[in-house]
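From first to last, the protein sequence lines stand for chains H and Y.
With my numbering as the guide, the letters of the first sequence map in order to residues 1233 to 1610.
With my numbering as the guide, the letters of the second sequence map in order to residues 12 to 412.
Any given hint could be a false lead.
[Stated by the list, open to error] Here are the simulated BS3-like cross-link-like pairs (lysine-lysine), alpha carbons at most 25 Å apart as the crow flies:
1. H:1610 <-> Y:271
2. Y:73 <-> Y:121
3. Y:156 <-> Y:285
4. H:1560 <-> H:1496
5. Y:152 <-> Y:205
6. Y:156 <-> Y:191
7. H:1610 <-> Y:285
8. H:1496 <-> Y:407
9. Y:51 <-> Y:152
Simulated from the structure, these hints should not be mistaken for lab results.
All values derive from a computational prediction rather than experimental measurement.
Here's the letter readout for the chains.
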Amino acid sequence: MDFDLTEEQRLLRDSVERLLGDHYGFDKRRSYLAEPDGWSRKLWSQYAELGLLALPFPESYGGFGGGPIEVMLVMEGFGRALALEPYLATVVLAGTALRLAGNEGQKSMILPQIAEGRLILAFAHGERQARYDLTDVLTTARRKSGGWVLDGAKSVVLHGDSAQRLVVSARTSGERDNPDGITLFLVDGAANGVARRSYPMRDGMRAAEISLSDVEVGSEDVLGEVGKAFPLIERVVEAGIAATAAEAVGAMEAMQALTLEYLKTRQQFGRPIGENQVLQHRAAEMLMELERGRSMVMLAAMMLEEPDDAERAHNIAMAKVGVGQASKFVSQNAIQLHGGIGMTEEYAVGHYFRRCMVIEHLFGDTAHHLSRLADAVK
Amino acid sequence: MDLRYTPDELAFRDELRAFFRDNLPGDIRERMRLGHAPSKADIVTWQRVLNRRSWAAYSWPKEYGGPGWTPVQRMIFLEENQLAPAPEVSSFNITMIGPVLIQFGTDDQKKRFLPRAANIDDWWCQGFSEPGAGSDLASLKTTAKRDGGDYVVNGQKIWTSTAHHADWCFCLVRTDSQAKRRQQGISFLLIDMKTPGITVRPIISIDGSHHLNEVFFDDVRVPVELRVGEENHGWDIAKFLLGHERTGIARLGKSKERVKFAREAAREMRANGKPLIEDPGFRQRVAQLETDMKALEITQMRVVSAHDKNHDGKPDPLSSVLKVKGTELLQATTELAMDVGGPLSMPDWAHELAALSNEPELGPEWATEATRSYLFLRAASIYGGTNEIQKNILTKAVLGL
């Protein structure tokens, strides 16, 4: 048992902190939101220079050989800064799929491009009818002369608008909800038959609805085994849960700091409002929730590499529930303790609030995972 | 960073488990499993078994009769002891008066009291709270006036747990009523409960048990050599106690054991024509508790691991988080066990049990004990600094408000 960061991990955390501190003020963030992609290409190359985009990939593919703890540190930093770049989509989600299931050719072709900041990817799995059910895939892929043809639609694909390549799940056999028969494909975002409608999410991050009609892909673009992608999809989602949990804790830290500052400076009835015990205790409760979130983020990061599937899934579901409940408490009370100013678009707290809200609704919400945990009670 | 136990820590845990399996008397284990409060005899028996291995004084250094364990080992010990389930060692003896004497006691005091505390030859109680001094402990009024080689103690203590069993009481008394700050005129005395002038009156708590007492001191003579630390510096000791060994305060093993028991009992009870364990609402409640316990477990490891590394001796303010969350969970898990019994948890048949009546049972023993425990543990968020006081501590020490 050991909770210390290594020297390298501390350096990583500090350099992320420094980079984002220099480049992610409230106004700068607004200017990135206004860019065509809704995020900063310039910063993306700086992430590449710093090695962040190479972080979780093996050194043999131009990576840094980092693990879940390193990704956790980066994501916490992104959460504090409310970074907009497609790190989750490219490095964490699609990156995990490639790292775990890519063949030699795919990995040596794609991973170095990600590491160098030349390739944006998205993970196109969710569908409109599926809500949080990972097995609910209606998009189909049928064989055609040495390749495949994809038809269907993918919904709320994170950064699906700016991604050059998409990791798309499609049914190659079996009925809806059957975990067997799902296959992952690497699809060029500009391929014939791919149509994308781009929009901002409630937190400003970009996503897309993607339709696929008669999209042809080669057999070399199958990622992993045909019909056997479901366990892989679960791993990708678990990586997404761990990463966004860390991001949420970063956002919670920022909200807690803003709220404390406000309690100390805002004067009412001739004294700082933080002198009211009812508000002090609320702030103490926020702190306790933040600590719960922090502990759960560590659990999720640690469990990502647990070889026992059931054990890993169970613990990561607990982390999703713990962080979901903690971030709801912290973010709702952050607004409440600010009063009116917390409601305004001009003030940061509402932006953190919305990021946490979106994270809660990615990869299964608290109720979804709690009900999975309940199913497992014996 | 690695949350998993090291092979050494796992081996240590297995050693404890094996020892508990082989040495915890079966009748004690069964009473604990059914949720009984451990009797004085059960506590003494088990603490002495542990003390033969130098494990009873689990947080003490070797030179004083403890095992010299690391904080991580202590945490594992507490949890395994609770999971066994075995009676917990006397906290008054082991985590309170022991560390106080080790830190502040004279050589004579250490020699005289520590081995007896470890082996529970002396049963200690704590004389802190008074009718007018609860959360505001420094307002205590019990006085001790010097008269030759003695202090003469007059006043009243209240909420004194197990005073009726106790051989000795460690007491905060006022030795200087003129001190500038209230905290400055307080001293820490060791009082023999057999001294003339002490009256112990029971307070029956809402669970029907006699655990709490009022203790009256009427011209009680206490030799000066039974003062610990300097005269008028007792408040330092009180503060030391508040920060010492708080990691055990979460009592996570106890909560885990209660949830495990509730799950087992829920297989026997019915809900909507099926075993209760299959009821979605019940399962969700269990899942929530298990999630909360997991989070607290990791937070506890973080506090313990930080304590392991920085030996600055200062209490980690995060131990207030452990106290609040730990007691909330303890209360929630005992409530769960009670709710499993449903209406069968409502009969109070402690007296029939005590009388060893041959009449049919009024309800399952575990159910009535679960309710007793639920009622008794309403105190968990009150004792040891109320949970509201803990939030005050967090407000000042961590948030700087």
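Query raised in the report: Against which earlier hints does the structure fall short, listed by number upward?
Result: 3 and 9
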